[in-house]
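In case you want the letters, here they are:
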Amino acid sequence: MSSRSLWRSLQTQTRRRLAVSETPYRCFSCTRQAQALPPKPGSEEERFTHFGFQNVPESQKESMVKTVFSSVASSYDVMNDMMSLGIHRLWKDHFVRSLNPGSSLPSRELGTTGGWNILDIAGGTGDIAFRMLDHATNINHDTATRVTIADINPDMLAEGKKRSIQTPYYNTDRLSFLEGNAQSMPSIPSNSVDLYTVVFGIRNFTDKQAALNEAFRVLKPGGVFACMEFSKVDNALFNAVYKQWSFSAIPLIGQLVAGDRESYQYLVESIEKFPSQEEFRGMIQKAGFLIPGRGFENLTGGIAAIHKGIKPLVRN
Amino acid sequence: MTRPTSLLTLTRRGLFHPSTPRTALPLAPSAPRNHLRQCQPQSQIHTTTTQPNSLTTPRLSQKTSPKLSPKPRAYHSDHHPTQPHDYTNSQTTILSAALHHVPTHGFSRDALTLGCRDAGFLDVSVQLLPRAEFDLILFWLASRRGLLRSKVESDGLLLPSSTGGGPVLSVDDKIQILLMERLRMNAEVKDQWQDALAVMSLGENIPLSLSELHALADDILNLAGDKSVDASWYSKRMAVAAVYAASDFVMTRDTSAGLRDTEEFVARRWADARAVGNKLTGVRECLGFMGSTAVGLGRSWGLKI
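Going down the list, the protein sequences come from chains Y and C. According to the working numbering, the first sequence is numbered sequentially starting from 1. According to the working numbering, the second sequence is numbered sequentially starting from 317.
Hints listed in this document are in silico derivations from the structure and should not be mistaken for laboratory results. Nothing here was measured: the structure is a model prediction, and the numbers come from that model. All C-beta atoms, glycine included, are put in the ideal place defined by N, C-alpha and C. Any given hint could be a false lead.
Label-pair restraints from in silico Cβ distances [to be verified]:
| # | chain 1 | residue 1 | chain 2 | residue 2 | range |
| --- | --- | --- | --- | --- | --- |
| 1 | Y | H94 | C | L513 | 37 to 43 Å |
| 2 | C | Y550 | Y | D134 | 50 to 56 Å |
| 3 | C | D511 | Y | D77 | 37 to 43 Å |
Among chain C residues calculated to face chain Y with C-beta under 10 Å, some are [claimed, not checked]:
| # | residue |
| --- | --- |
| 4 | R425 |
| 5 | L445 |
| 6 | E504 |
| 7 | L518 |
| 8 | N521 |
Same shape as in the complex, but just chain Y (with noise of 0.2 Å):
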């Protein structure tokens, strides 16, 4: 309790500090700034979703999720290492390993390149599509398999476009960048995707049935869905250190490091909202997919979960 009351004051410190810049000119107070918009009393009829601990109309959520997205673009990294003590890189190793993507065996049918069709949301800053490329690659010697990045962040695109000069894919056709919604990809035609990965995205999607009914449509009959997200720890004692760490140490790093300490708050506490591992693999189920054995797989207890659906073959 009393830590706080300790970020309480220093969030009413940062506030009186910042609140000068009223420029349209981006800064890391960019987020504050969207958050402090009153919630328009305006239709009744306004569906509502959760921002956090905060109830914000459906409308809005996009746009405060961009604004905090976009302040945190540049030192993504850097916070993560921090917020997680470096597990991250092992998490999102340990995915890519898991998922072995590309193929090893040269493809059966003549006149097709052969290689995975992999769509990565929510992936801006390329973690993960650099990683899968590497192991396609490296692992399974295939150079056919391609990544599609899409993003609803044009700044956290940037990021992985600027990322993506130093890797051997940068400007060939097996890397591409696309800025769009999850909950509706009109470019993406339906069945052409091998692979739809979304890591530590899913969460901030305003609704995220739409997009997991998305990610069906756009899935090949037999693809995969697989998403890694923050879950539920299950070991009462540490979820209270997990927990203790999540929202006073987070939010204070976020404030030390990245300047930004509502963006941070704002992380955890979609941390905490995001629904159980049962409960997801629930939506899953209901999107259509086919559960492999238990259905997800839990990372440091709990922390982090890995969630995978396929998509059935149509019958006929």
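Given chain Y, put chain C in place with the hints provided.
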């Protein structure tokens, strides 16, 4: 990084483990035949053994009529007459198709990938099997175990006529025949079997491997007609499991015709196991006799025993 072994172990134990209460009613004569139809091979590949049932694909017919037929079962067991195993239709289809690629590609991801392609899935659909290679191995073990059972129950493997019309076989003979029969099923994947044993011996896979080994020992003893309900229930299962596991290793190095060496090895090991058992029985009887003598002696001296 935590693997959900404990939970999966539970479900699979529930499925493959025969320790659940037996059904009291014997199966109707027609029932095994129905199961046999499910287990019958739809396709064969060339193998070195004389068995016609090698590498059976228990339910390719599923693809055509998934709704009409009951849940697929790769093996028959009267312990769970109606309960299907925990593989879904799609998983069974992929695994059955993958078994065809085992002799060439081993129990590997490649075999699974090719199985996926054969079954009309994509390469990425291997994700349906969270344990990958190990799922393929377990499927092999479980389906061969089912095949062994159906051979006894439907093909009359242990009937006196099928083994030369001699006298009725003793339980020990039956156990040896069943052990050998089960080992011969592995002959077609003999070159790949060491890899499979290696995968089974990985730490995270040991519990499931052992439970499958126990299920096999249990099946063999049941089929051989062993009715013991005392402590020898455990010792016999352990003996059968130990002999089978040892012979499995020997078989992977066996180059003799018709697995002659393995057969002799099994006979020797089983004789050893019996010898140890006889010794133990002898020691126990001796101790019992000495004990009762001591008690009698004490009583004759007026002790209140």
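How the hints compare with the structure:
1. H94(Y) - L513(C): 37 to 43 Å: violated (26 Å)
2. Y550(C) - D134(Y): 50 to 56 Å: holds (51 Å)
3. D511(C) - D77(Y): 37 to 43 Å: holds (40 Å)
4. R425: Interface hint status for R425(C): holds (7 Å vs cutoff 10 Å).
5. L445: Hint holds; L445(C) Cβ to chain Y Cβ min 7 Å, cut 10 Å.
6. E504: violated (22 Å)
7. L518: violated (16 Å)
8. N521: violated (14 Å)
The structure does not agree with the numbered hints 1, 6, 7 and 8 stated previously, though it agrees with the rest.
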